[in-house]
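Add chain B to chain A, keeping to what the hints say.
Protein sequences appear in the order of chains A and B. Heads up, the first sequence is in this note's numbering, so the first residue is 1 and it goes up one at a time. Heads up, the second sequence is in this note's numbering, so the first residue is 1 and it goes up one at a time.
Just so you know, the hints here were simulated from the structure itself, not pulled from any lab data. The reader is advised that the hints may include incorrect statements.
Chain copies aren't distinguished; within one or between two, either way the pair holds.
Cut-off 30 Å, straight-line C-alpha distance, at most; resulting in silico cross-link-like pairs (DSS-like, lysine-lysine) [what the hints assert, rightly or not]: (1) K311 with K473; (2) K383 with K281; (3) K424 with K29; (4) K404 with K52.
Note that the structure is a prediction, hence the values are computed from the model and not measured.
Number of protein chains: 2
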Amino acid sequence: MLQTRVGKRTGISAVKIAVDMVREGLISKQEAVQRIGPEQLAQYLYPIFDTKEESKSNPLGKGLPAGPGAAAGKIALTPDKAVTMKAAGTRVVLVRQETSPDDIHGMNAAAGFLTARGGMTSHAAVVARQMGKVCVAGCDAVEVLDAQSVRIGAKVFREGDYLSINGSTGNVYEGDLPVVESEIIQVIQGKLDPKQSDKYQRFALILSWADSVRTLRVRANADVPDQAKIARGFGAEGIGLCRTEHMFFAEDRIPIMQKMILARTKEEREKFLDQLLPLQKQDFIGLYREMAGFPVTIRLLDPPLHEFLPKREDLMVEIAQLELTGRDGARLEEKRRLLARVEELHEFNPMLGLRGCRLGITMPEITRMQARAIMEAACELAKEGKKIVPEIMIPLVGMVSEMKAQKDLIREVAQETMKRYNVKLTYLVGTMIELPRAAVTADRIATEAEFFSFGTNDLTQTTFGFSRDDAAKFIDFYQTNNILDADPFAVLDREGVGALMKQAIAGGRKSRPGIKLGICGEHGGDPSSVEFCHQLGLDYVSCSPYRVAIARLAAAHAALAEAGASAAPSPRKQSVPRTKAKKTTAKKTAKPTKAKSAPKPRSRSRVTRKKR
Amino acid sequence: MLQTRVGKRTGISAVKIAVDMVREGLISKQEAVQRIGPEQLAQYLYPIFDTKEESKSNPLGKGLPAGPGAAAGKIALTPDKAVTMKAAGTRVVLVRQETSPDDIHGMNAAAGFLTARGGMTSHAAVVARQMGKVCVAGCDAVEVLDAQSVRIGAKVFREGDYLSINGSTGNVYEGDLPVVESEIIQVIQGKLDPKQSDKYQRFALILSWADSVRTLRVRANADVPDQAKIARGFGAEGIGLCRTEHMFFAEDRIPIMQKMILARTKEEREKFLDQLLPLQKQDFIGLYREMAGFPVTIRLLDPPLHEFLPKREDLMVEIAQLELTGRDGARLEEKRRLLARVEELHEFNPMLGLRGCRLGITMPEITRMQARAIMEAACELAKEGKKIVPEIMIPLVGMVSEMKAQKDLIREVAQETMKRYNVKLTYLVGTMIELPRAAVTADRIATEAEFFSFGTNDLTQTTFGFSRDDAAKFIDFYQTNNILDADPFAVLDREGVGALMKQAIAGGRKSRPGIKLGICGEHGGDPSSVEFCHQLGLDYVSCSPYRVAIARLAAAHAALAEAGASAAPSPRKQSVPRTKAKKTTAKKTAKPTKAKSAPKPRSRSRVTRKKR
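Looking at chain A on its own, in the form it has when it is part of the complex:
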């Protein structure tokens, strides 16, 4: 856990000292890189409270430091209110019992979120880290009283009152503490000239030195062009995961999405999918443009459909109320119809239900629409002379038969689209490895899949049998009671999940030597997990845009550690047992094959990278 108030200066000054020492010829660039802990770079990125002001304030309560940085603003208790307040030019802190995908527009509008429930991998926490927003999650002191008021600690606040949250420490304060913005972010957003920021200069320098030693590529998880732009600003070499469903939660699209889901026939469903097609295509064109030739991996629709519909229990309560009052019979009828469909879609364990490729297999028209949008967007850019290599990713594959069914469908649409545009494109169809069955049958799946991307969030869920949404409470207990060393959703579990990854890599390479391998779970931005991915011989990690710099430095550390270990006979501390690593990662044997299919220069400047 980050100790911002202490560590902040340490991280930034550590970089300053290292860069100065290189300039003075006291240490080498490699030594400079080695002296900076990857996590220390995070301290460059967050807005922080004015230290003097914060030290004068008493916290109202403390939650989990789930999205680092500092945010202050007026309290909004609903996502709609957050949007309205933001539109009126107000800085907003969204306070919720917990957040759900329905809240995305409000989260987007807020500077930070404070939740009463949820752990380090709750919805609020994950979205915060992805969006680069401040978040304090699972704060016991928070009690939402009604739609307009919330108790925090001993005090009751109303919507519009000022609140300050420190997502690096978990502290929550009354009032509007002054916030200082990160210079790095200002440069990336084009608000500050890089030449005017010594901090940015040193930050970029250390990273360029890191790039010259690392072999692992770093991509970002980004769903919309804005995120892609920031990812590029941090040096991401492509998008490793674009979650297409996030595009459907936008306000202008969710009604069409809902109609599509409520449709009773394939024909009706296709009608609404046709309306989504041009919107989805525009999304992809935007992403391709931002990534300027870097690879873009697009995952087909993944979440269970009920996530796009109103909540079942809300409908039940509303119907019970309408029945009792006897008013508005038409509305009652409509709600009953809606509930009937929601009941049909209701699942006891949605995480293990009708989602992922199961959607595209049972409703192939969804896959067809998405494949068409992906390929049409690429064809249109190709006509402009831009080279795009879409990587189409099938989620939640457990059987080669699923992979084949979806791939055949995509190939058919792709051929038809390219013919229509009279364009010939290279594209890949691959899969997430996020189920234990996919890992142990990877040799079979690789006969169809052209790349693997480890979805370690889901793989951790099913390997442990831990629900990300529910496990926080006992994971905390487990850590306190020495059952678990670390939260496996934050730090990749090498012994269990890692063992399955090794099997998948061995199986994948057996059937398809040189198969492209990446990781797109939250772990892609965790230094220890990045080290493990390097040891496994993955081609890239993909992480939140705001973690890209950290992953670049972590990848450099991993490469230097490996070089050091092979040079010195005494190996450094390493969590993966030596013998196992030798048996399955097969880094050395795999290298020639990889080099054959995709030559990878060891030293990559910005310029050469852009040409790729």
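The following block gives chain B in isolation, referenced to the frame of chain A:
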């Protein structure tokens, strides 16, 4: 799927012909065993409709044949009503939208169940097969209209109307079709003298021949003494799975259980656990007595606690209604308090939540109470001169640290209990292997666990990422569209789940040569899965009491097939790749170790078995 009307006579007459041919010296006993398909034996066990009467009736609708046999009786639409009607001497068919653990008392009272929703592994279907009740599940023609009426096909029925269901074909009929009971069941229940039943004689003879060739032991899953008695009647050689939670759903216990769950402190919780202790102990004494020295594996509390509480959405609706009417403020307050606790326990994916050993680790007083009940019961019987070897099984272990924490706790309670009784007992503490992480880290887990029992229901869930409660809809689609050959919850998936089992066996034997290995998922009663378990070299399978005879015959087939394959150079059709099986099952190398710890006579008559 069983074709009862055709197959019934075929199965029973196949046995008759085979036995006659052995008696006439035309074929050997082994050949007789080989001529009977294990599934054919099932036809001996079910009550059937009078063939002539059934052929005259037109089905109202058709569902899944989820619990074979025939049942006719008066419709009950709630479990309470089923209990009342049964108490009044009425034969009952329970008709429900779907069933849940709350319905157990009504299911117990009914001759059969008909549900509108759910697949072959829905709650109703699994309970039906375990209880040996007739079940037609997921029948689209059924629409529960209100608490007193149900539409089936075109016709509306009221509670108390007669209905007949054929769980072997899925057909549902109007009226009270005459049912003929199985002679085998009559003998086992002591209602018929075995000497008076030729059918029983031949059934027992074929099975005694099967026993003389099989090496795999067959146990039963039984939670209460009645089930254990039936299991013994079918020749079960122990209990492989006693689900202790089923004991808490009984009417006199659920209120105590609920109070225990609602308790806010450890002390309060312990008070209610103390009340459960003597009841639980009596359960175990009953089971031990029935099993007369055969091993009894008792699993500690497994399901998420909210299963014992009222449903969240029911509470929400009731509160909304109470709020609107403004009546009964005290009741409203009580319901709100209850809902608050239910909300705390609410999980998005309860299957992956706070359940299994996570309960016993976060609330060690539960494990302590259960361990005490198990050991006190065994000590009391030991004082009577009966030898009991309890096998205490920790559910849902994924990490050796979990296993160790629970084992240490149990050992402590066991030592204390034995000292108090002044008795020295042998007992084992082992675990389910039901999570992929347990399978891949089995070598570590076996340093603590003294036996492994494969919980293949849960292992299939997490390996595939399929929720048993929800997957029926797409599994059906997958089967129709050739994505899946068979429902993996019915027939063990050798390629995926099987690969993990092999890893677990190899790991377990590495750390603890001769470790006792069994399976207690629903697969233990499926012939193809039994064959695979034999090939893996497990010590036993455990299945529903009513599947024990089938498993005994299937185990004999597997042994004969193996002998045939090793005798003849051309191997017979086998789904497991030969090389893999050789590498990990290690049947031959394990045998000597096993023989040392527990000598296993190849030929076991009833008499020698009882002495064991």
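* To do: Pop the pair K424 and K29 into one bin, within, between, both or neither, using alpha-carbon distances up to 30 Å.
  => neither (44 Å within a copy, 68 Å between copies)
* Using 30 Å as the alpha-carbon threshold, which applies to K404 and K52: within, between, both, or neither? -> This pair counts as neither: shortest intra-copy Cα distance 61 Å, inter-copy 48 Å.
* To do: First find the shortest C-alpha distance between K383 and K281 inside one copy, then the shortest across copies, and answer within, between, both or neither for a cut-off of 30 Å.
  => within (15 Å within a copy, 77 Å between copies)
* Asked: Given a CA cutoff of 30 Å, do K311 and K473 count as a within-copy pair, a between-copy pair, both, or neither?
  -> both (23 Å within a copy, 21 Å between copies)
Comparing the model with each earlier hint shows violations of hints 3 and 4; every other hint is respected.
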